[in-house]
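Protein chains: 2
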Amino acid sequence: MGKLLIVGTVAFDAIETPFGKTDKILGGAATFIGLAASQFDIEMGIISIVGDDLPQEYLDLLSSKKIDLSGVEIVKGGKTFFWSGRYYNDLNSRETLSTELNVLADFNPIVPDNFKEADVVMLGNLHPSIQLSVINQMDKKPKLVVLDTMNYWMDNTLDELKEVIKQVDIITINDEEARQLTHEHSLVKAASAIQEMGPKFVVIKKGENGALLFHKENIFFAPALPLKEVFDPTGAGDTFAGGFVGHLTESENISFNNLKNAVIHGSNLASFSVEKFGTERMLNLDQREIRSRLRQFKDLTQFDIELQK
Amino acid sequence: MGKLLIVGTVAFDAIETPFGKTDKILGGAATFIGLAASQFDIEMGIISIVGDDLPQEYLDLLSSKKIDLSGVEIVKGGKTFFWSGRYYNDLNSRETLSTELNVLADFNPIVPDNFKEADVVMLGNLHPSIQLSVINQMDKKPKLVVLDTMNYWMDNTLDELKEVIKQVDIITINDEEARQLTHEHSLVKAASAIQEMGPKFVVIKKGENGALLFHKENIFFAPALPLKEVFDPTGAGDTFAGGFVGHLTESENISFNNLKNAVIHGSNLASFSVEKFGTERMLNLDQREIRSRLRQFKDLTQFDIELQK
Numbered sequence: 028m029g030k031l032l033i034v035g036t037v038a039f040d041a042i043e044t045p046f047g048k049t050d051k052i053l054g055g056a057a058t059f060i061g062l063a064a065s066q067f068d069i070e071m072g073i074i075s076i077v078g079d080d081l082p083q084e085y086l087d088l089l090s091s092k093k094i095d096l097s098g099v100e101i102v103k104g105g106k107t108f109f110w111s112g113r114y115y116n117d118l119n120s121r122e123t124l125s126t127e128l129n130v131l132a133d134f135n136p137i138v139p140d141n142f143k144e145a146d147v148v149m150l151g152n153l154h155p156s157i158q159l160s161v162i163n164q165m166d167k168k169p170k171l172v173v174l175d176t177m178n179y180w181m182d183n184t185l186d187e188l189k190e191v192i193k194q195v196d197i198i199t200i201n202d203e204e205a206r207q208l209t210h211e212h213s214l215v216k217a218a219s220a221i222q223e224m225g226p227k228f229v230v231i232k233k234g235e236n237g238a239l240l241f242h243k244e245n246i247f248f249a250p251a252l253p254l255k256e257v258f259d260p261t262g263a264g265d266t267f268a269g270g271f272v273g274h275l276t277e278s279e280n281i282s283f284n285n286l287k288n289a290v291i292h293g294s295n296l297a298s299f300s301v302e303k304f305g306t307e308r309m310l311n312l313d314q315r316e317i318r319s320r321l322r323q324f325k326d327l328t329q330f331d332i333e334l335q336k
Numbered sequence: 028m029g030k031l032l033i034v035g036t037v038a039f040d041a042i043e044t045p046f047g048k049t050d051k052i053l054g055g056a057a058t059f060i061g062l063a064a065s066q067f068d069i070e071m072g073i074i075s076i077v078g079d080d081l082p083q084e085y086l087d088l089l090s091s092k093k094i095d096l097s098g099v100e101i102v103k104g105g106k107t108f109f110w111s112g113r114y115y116n117d118l119n120s121r122e123t124l125s126t127e128l129n130v131l132a133d134f135n136p137i138v139p140d141n142f143k144e145a146d147v148v149m150l151g152n153l154h155p156s157i158q159l160s161v162i163n164q165m166d167k168k169p170k171l172v173v174l175d176t177m178n179y180w181m182d183n184t185l186d187e188l189k190e191v192i193k194q195v196d197i198i199t200i201n202d203e204e205a206r207q208l209t210h211e212h213s214l215v216k217a218a219s220a221i222q223e224m225g226p227k228f229v230v231i232k233k234g235e236n237g238a239l240l241f242h243k244e245n246i247f248f249a250p251a252l253p254l255k256e257v258f259d260p261t262g263a264g265d266t267f268a269g270g271f272v273g274h275l276t277e278s279e280n281i282s283f284n285n286l287k288n289a290v291i292h293g294s295n296l297a298s299f300s301v302e303k304f305g306t307e308r309m310l311n312l313d314q315r316e317i318r319s320r321l322r323q324f325k326d327l328t329q330f331d332i333e334l335q336k
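Top line first, the protein sequences correspond to chains F and V. Take the first sequence: its letters are residues 28 to 336, numbered as in the working numbering. Take the second sequence: its letters are residues 28 to 336, numbered as in the working numbering.
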């Protein structure tokens, strides 16, 4: 059983979609990553920072999923990071209505002693200097460091971001961000260029158009499961990342073939996440449903062409 | 060995991409469909119309691929259908610079006697009344009728188009067209709605984002092969259709599992087509290359998650 350390936000989200809107609900990258990874038989802890306005029940909920919260700093009198956004009709584009950093503005991550020898470190989307600080606090080099980031850090802190990229084994990034980072339109070329920056493996997320895994000349593709209704895409990318690292931490195997499976596990869990607002669906998910949908992924993608004819 | 009848354009194309531009070269839906289908062990004929400005060498070239041209009318003094277009940087969008119908304006398709009992009929993108006329000339109901169409006919001849859709077994259509035809954004819902209009199987093409096959509750997805360079997308959809019907005509098996394979064969051939201008790559393609790339498709999509855990 491997040990997974996640750094990322635990936040309030307020979401508006064509189907409805929410008040402030539980969100944040570390939340979605952790809930997805909790489907695997692993030990796991989160590093984050929140204000004391975050309801205790949210923290209890994460604890109940066997997520160690000793790395979550609660700032007295502080306000929790808040994001609100509105999705357009096609749910592929969204507008950020408000971002309030609050306590996140002064986040100084502290890796708890019992996670300084974690096998896998998942660096959720955050300022690259925070991600770097976590790497530097590890007692020994983890077996695997996975980075998620976004265009905001490319626009504003590119040099620091490149320093983090140099030190990780796997990066997950969306298609437009991969293009922005490398100035290559072809995702095949972009993935090669990113591998030259450090990571041995590159995962390019394409939202409803699936995800690509690259390693040297090898490419693997997982579609998003076609759904009758996508209700709320918030957290889908983080849920993907959580399923991906959750499987890798559990299996302790980073062969390309097992990374393929990790991409499928990530896609599979993300397909649930979008069915309800926020974390709702992830909190009510059992192994039977997960396995049944993995079978749907097989039916969706597996074919049998005889190549010896 | 099955017999395939294709109706569609044989045309001049003039293409501009970020990588260069062509003079008038051989193009047209029936050309691309026929060249792709010629990779299979089938009997095949084209119904089309051209002017006597079309170089004899183009016709000879199609004949050399064992495509029966007895259904191709050559209009003395007539001019061949001409399309020219320009692709933008991302190659996903294009602008039509010119469309000259010429002899196509008075196209009255005649099915040659030796194709009136074809097993498979492929209705390439054309005016629905032309497609309907071909169906009506068949001596017996073909085992399979496949329809390709586009938004232009939805805008201008929707009632006639719906009459054709009612009579076919399979429709191939792109994602935006599927949405336009059904007023459903979800492709799963759009595919259900189209099945209610007639076709038992629906193939939704998503360009560089692959293709989906739907039949009742079954869904199959084939990605486009990720390429370092897409040179010219012209004809990719028709090449896909040609590989799809070519395989079905050869195998004479329309089970869902075999339709999956047909989608892969179509995607595979389309991945070659985009590597050069127009038909150039399809004219220089051998079985060894095709098989090798089918293996790439397997590596790209096949995974092995044990579901009995």
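Worth flagging that the hints you see were computed from the coordinates, not collected in a lab. One or more hints might be untrue.
Same chains, same names: a pair is fine if it fits in one copy or spans any two.
[Claimed, not checked] Below 30 Å or equal to it, Euclidean Cα-Cα: the simulated DSSO-like pairs (lysine-lysine) are:
(1) 189 <-> 92
(2) 167 <-> 255
(3) 106 <-> 325
(4) 243 <-> 303
(5) 243 <-> 255
(6) 303 <-> 170
(7) 325 <-> 216
(8) 325 <-> 143
Structure-based check of each hint:
{"no.": "1", "hint": "189 <-> 92", "result": "neither (34 Å within a copy, 53 Å between copies)"}
{"no.": "2", "hint": "167 <-> 255", "result": "neither (46 Å within a copy, 38 Å between copies)"}
{"no.": "3", "hint": "106 <-> 325", "result": "neither (44 Å within a copy, 50 Å between copies)"}
{"no.": "4", "hint": "243 <-> 303", "result": "between (37 Å within a copy, 25 Å between copies)"}
{"no.": "5", "hint": "243 <-> 255", "result": "between (36 Å within a copy, 13 Å between copies)"}
{"no.": "6", "hint": "303 <-> 170", "result": "neither (34 Å within a copy, 43 Å between copies)"}
{"no.": "7", "hint": "325 <-> 216", "result": "both (28 Å within a copy, 21 Å between copies)"}
{"no.": "8", "hint": "325 <-> 143", "result": "neither (37 Å within a copy, 40 Å between copies)"}
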